[in-house]
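Protein chains in written order, with the UniProt record's numbering: chain A, 1 to 182; chain B, 1 to 182.
Mixed in with the good hints there might be a few duds.
No farther apart than 30 Å at their CA atoms in a straight line, the calculated lysine-lysine pairs in the DSBU-like style are these [to be verified]:
id : chain 1 : residue 1 : chain 2 : residue 2
1  : B       : K106      : B       : K133
2  : B       : K105      : B       : K16
3  : B       : K18       : A       : K14
4  : B       : K28       : B       : K14
5  : B       : K176      : A       : K16
6  : A       : K77       : B       : K14
7  : B       : K106      : A       : K28
8  : A       : K14       : B       : K77
9  : A       : K18       : A       : K67
10 : B       : K105      : B       : K67
11 : B       : K14       : A       : K156
12 : A       : K105      : B       : K133
13 : B       : K156      : A       : K67
14 : B       : K105      : A       : K18
15 : B       : K28       : A       : K106
16 : A       : K106      : B       : K14
17 : A       : K16       : B       : K105
18 : B       : K16       : A       : K176
19 : B       : K156      : B       : K84
20 : B       : K16       : A       : K67
21 : A       : K16       : B       : K106
22 : A       : K67       : A       : K28
23 : B       : K18       : A       : K67
24 : A       : K77       : B       : K84
25 : A       : K18       : A       : K106
26 : B       : K133      : B       : K84
27 : A       : K156      : A       : K106
28 : B       : K77       : A       : K77
29 : A       : K67       : B       : K14
30 : A       : K16       : B       : K67
31 : A       : K77       : B       : K28
32 : A       : K67       : B       : K133
33 : B       : K67       : A       : K156
FYI, nobody ran anything at the bench for these hints, they're computed from the structure.
Protein chains: 2
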Amino acid sequence: MDNYREIELSRQEKFKGKIISLDVETVKLPNGEVSFREIVRHNGAVSCLAVNEGRALFVTQWREPFKSVSIEIPAGKLDSALEKPFEAIQRELDEETGYQASNWKKVYDFYTSPGFSDEKMYFYYCDELSRLKDTRPLDDDEFLSVNWLTLSEAEKLIDSGRIVDLKTIMAINYWKTIEVAQ
Amino acid sequence: MDNYREIELSRQEKFKGKIISLDVETVKLPNGEVSFREIVRHNGAVSCLAVNEGRALFVTQWREPFKSVSIEIPAGKLDSALEKPFEAIQRELDEETGYQASNWKKVYDFYTSPGFSDEKMYFYYCDELSRLKDTRPLDDDEFLSVNWLTLSEAEKLIDSGRIVDLKTIMAINYWKTIEVAQ
């Protein structure tokens with residue numbers, strides 16, 4: 001590991017926003033030279049593949065970074081660095097879809113863009129879903145709709161370029177591997 | 001789509017770096033209210049699952065955003081917004097691993113962090129690999145090593161938390177789905 005390790009020499013905050021901040025770090029490289037790393041900081045996020053009787057919940061929403069609607073698995077940010085991921089994903093599933101699940105499995109922890117961001121996401125599988133009577137309100141600036149898709153329908157939406165979110169493509173491939181295993 | 005569309009009212013650049021820049025957009029929401037979006041801009045990237053006789057190429061490198069080594073599929077940035085993705089992935093496979101492939105398949109285009117970034121990645125599968133005599137030099141600030149892993153070995157590295165990169169986890173699940181289909 002020491003052959004690759006970079007040593008942080010200093011850090012300068014260039015932007016501090018509501019969702020992300022951005023630092024430029026000065027680092028010492030393994031060969032002793034000095035370089036710079038542009039790093040986006042994020043509190044972390046959660047997502048889940050929520051399955052019931054052969055169909056999973058997907059959320060359609062606007063994504064301003066590429067100015068299009070995007071069909072994605074339920075997901076959201078940790079409210080703070082202190083929020084527990086398992087509480088956050090239950091809250092997000094409730095808020096975004098109005099469903100709760102009684103069977104949960106933690107699947108993967110991962111970084112979404114390791115080259116320039118520390119955003120860590122906790123990904124869950126859940127099933128045995130039931131509709132909640134009182135759903136929590138969405139965030140004020142969140143507009144979305146919820147759809148049930150079969151694995152085959154979801155794969156077609158990847159092929160047609162309508163699903164373009166990496167975590168959602170990963171989740172659909174994961175779903176396929178567990179379907180095949182059954 | 002108009003039920004979800006946000007209208008960009010203005011855009012302010014907060015940071016312009018070598019790899020990324022960061023804007024804050026003022027947007028009009030579907031309900032007419034005004035909100036802000038923090039957006040990281042990126043030229044785009046490429047990655048590939050490169051398989052030969054049941055083993056794939058993985059690259060180990062330092063990731064300063066989470067201060068650890070990371071085991072990932074070969075990947076890299078587009079040199080400019082003009083570079084063609086298919087040329088970029090051939091260049092990156094060569095630079096990072098010293099191999100070239102004679103059989104290529106474009107698999108997916110996706111966004112790595114659609115909530116806050118426009119980074120688009122083009123993901124390929126390739127096989128029929130051969131070693132190049134003269135490999136291109138790495139970038140000046142890039143230190144890495146190359147390993148061949150079987151699918152089973154790669155899955156174990158996910159389970160043990162040593163593979164934590166989303167695109168790499170997606171690629172390994174994709175690899176599993178095509179192995180099962182054969």
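- Item | Broken hints, by number | 2, 5, 7, 10, 11, 12, 13, 14, 15, 16, 17, 18, 19, 21, 22, 24, 32, 33
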